[in-house]
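Model the full structure from these sequences, guided by the hints.
Next come the chains, spelled out residue by residue.
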Amino acid sequence: MQREQTPLQRIVADFAESRLALAGLALFTLILLAALFAPLISPQNPYDLAQLDVLDSRLPPGSRSGDGLTFWLGSDDQGRDILSGIFYGLRISLWVGVASTFCAMIIGLAMGLCAAYFGGRTDGVIMRLVDIQLSFPAILIALILLALLGQGIGKTIFALITVQWAYYARSARSTALVERRKEYIEAAMCLALPPARIVFRHLLPNCLPPLLVIATVQVAAAVALEATLSYLGIGVPITEPSLGLLIKNGFDYMLSGKYWISFFPGIALVLTIVSINLVADQLRDVLNPRLQK
Amino acid sequence: MPVFIIRRLLQSVLVLFFMSLVVFVGVYAIGNPVDILINPQADQADIARAIAALGLDKPLAQQYLIFLKQALAGDLGKSFAYDIPAIQLILERMPATLELALLATGMAVLLGIPLGLWAGLAPDSWPGKLIMAGSILGFSLPTFWVGLMLIMVFAVELGWLPSNGRGPSTELLGVAVSFLSWEGIRHLVLPAVNLALFKLSLIIRLTRAGTREALLQDYVKFARAKGLSNARVVGVHVLKNIMIPIVTVIGLEFGSVIAFAIVTESIFAWPGMGKLIIDSIKVLDRPVIVAYLLVIVSLFILINLAVDIVYSLLDPRVRISEAKG
Amino acid sequence: MSAPTLRVENLRTYFFTRQGVVKAVEDASFSVAPGKILGLVGESGSGKSMTGYSIMGLVDPPGRVVAGRILLRGQDLRSLAPDDMRRVRGKRIAMIFQDPMMTLNPVLRVDTQMVEAIQAHADVSRAAALERSRDALARVGIPSPAARLSAYPHQFSGGMRQRVAIAIALLNQPELIIADEPTTALDVTIQGQILFEMQKLARESGTALLWITHDLSVIAGLADEICVMYAGRIVEHGSVDEVLDAPLHPYTHGLIDSVPSRGRRGEPLRQIPGMTPSLLDLAPGCAFRERCTRADGACAQDPALSAPAAGRQVRCFHPLTQSAIA
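Chains as they are written, first to last, in this note's numbering: chain S, 1 to 293; chain F, 1001 to 1325; chain A, 2001 to 2326.
The set of hints was computed from the structure by calculation and includes no laboratory data. Note that the structure is predicted; figures quoted are calculated from it, not measured. In this text, a Cβ means the ideal position worked out from N, Cα and C, and glycines have one as well. Mixed in with the good hints there might be a few duds.
[To be verified] Okay, derived cross-link-like pairs now, DSS-like style, lysine-lysine, Cα gap no bigger than 30 Å in a straight line:
1) F:LYS1078 <-> F:LYS1282
2) S:LYS258 <-> F:LYS1058
3) A:LYS2200 <-> A:LYS2091
4) F:LYS1129 <-> F:LYS1240
5) S:LYS155 <-> F:LYS1282
6) F:LYS1240 <-> A:LYS2091
7) S:LYS155 <-> F:LYS1240
8) F:LYS1282 <-> F:LYS1069
9) F:LYS1058 <-> F:LYS1078
10) F:LYS1058 <-> F:LYS1069
[Said to hold, decoys possible] Chain F stretches covered by chain S per the calculated footprint, using a threshold of three residues with CB under 8 Å from any CB of chain S:
11) 1132-1142
12) 1238-1244
13) 1248-1259
14) 1271-1283
[Stated by the list, open to error] So these bits of chain F aren't anywhere near chain S, every CB distance computed over 10 Å:
15) GLY1026
16) ALA1073
17) TRP1126
18) SER1163
19) GLU1171
20) PHE1179
21) ARG1205
22) ALA1214
23) LEU1216
24) SER1266
25) LEU1293
Here it is, written out as structure tokens:
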């Protein structure tokens, strides 16, 4: 292996070693683009009631609507184009997943660093919270929170943050503790460098790689959890349907053989989750110092 | 041994106490208890009477004591929707959930350990790779989506199995169960498979990783140097070692199986406590929500306690150090 | 001399890794007579443990014995079917490993681990097997053996655990015992006791002993003959006294020199410069030439094993002579 590589180049090269991971990355990029440019590429604006016609409802894939539009993936019970619904639904699913993961990471990182830096009672309280949190399944906690708070995108994001932060806190704390015991940190403390400098310049950079791996896995988990909650009817509201809610809307028709209303949003959801997981798996191998030769 | 069990019991009581405080704060301090605990359809006089009965006019600390006292007496309020005590409603639904969860866990264990062993012993063979690929898929696919696909294929397209409800149940020791009648079993299959899939993937992964790790250990090499058959080396030396983490995880995950039953029960209209809690959330039947919460927390604490005890029985090293400590 | 218990001829064990072929054992030949102890000496990675595993038929993939003959009382073990080889392991050849903390299964009781070793080779009742196990424990000096049988490995000290492992090796009265550094992880006093007992055992029962170690001082007091391994090859072979007093191979000389001894107190310790070469795609020629003061152009060729004196062999173009030893 060449010595001249920068760490980033090495990570990119190692990552590219797995064709499956590259395929996952390509697929995820496509999905992300579809979500970002949904208004431009959607045949129809699914929220614009003026564009919907009840006469077009529940048409199978490939049918044409009254005003000449082709429903490539069929239409739902309100005459909405499923494909457009999926593009718009992806926006909401990904937004909830990414936003909640990002916030949870920041909060968890802060808590984990505090626990490691201050130690003692602060550490005890934070880690106790983490332990209790992690001894209950995420879905249960999210469900209870939403039961108490009610539906809504913001509330769903809040619930997802609550169930995720503990993973980051635990990981950040353990990495920071290892780093903290090293002599250069002690030296920095003896020099009475400001705590903020020690935390941000020394502890923080070391905590990031494992957190990034967790975060990639967690984006997929958050998207799946949001879809599950919305499917159960306690996640996002009907006015802003995510993929999970689209699937729920079609469930009753599935039993009568009109599979497409649920099936295609389901495929979109699964492709999203699998593509993120493929990337995450390879990222974990690449960033794991124990596996490096 | 008894000392260690007593210590674990005390810890469990503490956690339960803590959780009751969290539930109390969630219901009484964050939300408006009048909204949460009193039927919205009640008239003004009823509300006033209920406020007095629940002691909502008293200071918060005192309210908590009342809440605790009533909870300890098993009184968590009446369901608005069913007009029977919430706790009774939940206990009625519990057997259906437990039956489903136990069956799913059993399926995951009985399939997962052999498959995981296979994949661990022959990681580069094509069955080994296939098993791993399957378990990765089982890990990343959302449970509810898999449930929908099961319904679409086996209930709608093929028409082999029912997708809805529990079917006729049979009495066993005073508890209604499904697995004793053919029709009941047919109703059980799809939900149980759906619920088992995630745990199956988990157990395959754990067993595979444990097997590969154990095979590298000197004690396996020593066992082979003794001239033991492969069956004995794998079946006794490897399996007994990897069973410790696997049993621990199976036990700890049983709670999450019950939690995930919420999803499976909703999809397959399985009349357990998971479906009950979703229905209750939709109609804002809050006493049931609170009761469910406390029941599930107690269940989790019980499971953790049982796992600790079983773990100490399985691993001689823990047993000794606990006895000393 | 009686017919050897074990005779290894031109053994080659290679590992076929993704990076290339690792020749862990290259053309090794030696033999051990009944009641004799052969010391196999080398640094870690020299192929000495892999030689032991090759004899046992316990080389894990991607490794494999690719050539040579392993003759146990004249019978080639390599030609045996897997199940017949299993019957040889533990019955006719026993092996003891380096780390007593790791060789006994932590979750099985000692009696289970002993009884299964007996029952794998003979149709014996559990009661009879237990009795034999107890006797074996008593023989290796474990106090109150009957009570200790039902204990778990972690309830023994390291030295006691190694005695249990030795007792297991002795259970079926093997013809050959392969001991892979069994005393390295132990305290010096316990090491001495175990060495003494193993030596006595070999002499009394006529068991042949292949003792693998990196520690020359252990070999000096224990073995009859010695093979020195370097980078997968046997570079020198002879009786212990001759080899240690007058080594022929520069590597053996370096090894002996780097052992601290009382006779040379105050003198700086000498060491062999450089490091053991990687066995991955090792270039032809003498593997030691990069570290050898006597190397020249000839050493780029593979040296053959030569016999400069009776009972002595060396693989070197420029072996040391008696006068060269300071």
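In rising order, the numbers of the hints this structure does not comply with: As far as the earlier hints go, 2, 7, 12, 15, 18, 24, 25 are violated by this structure, in ascending order.
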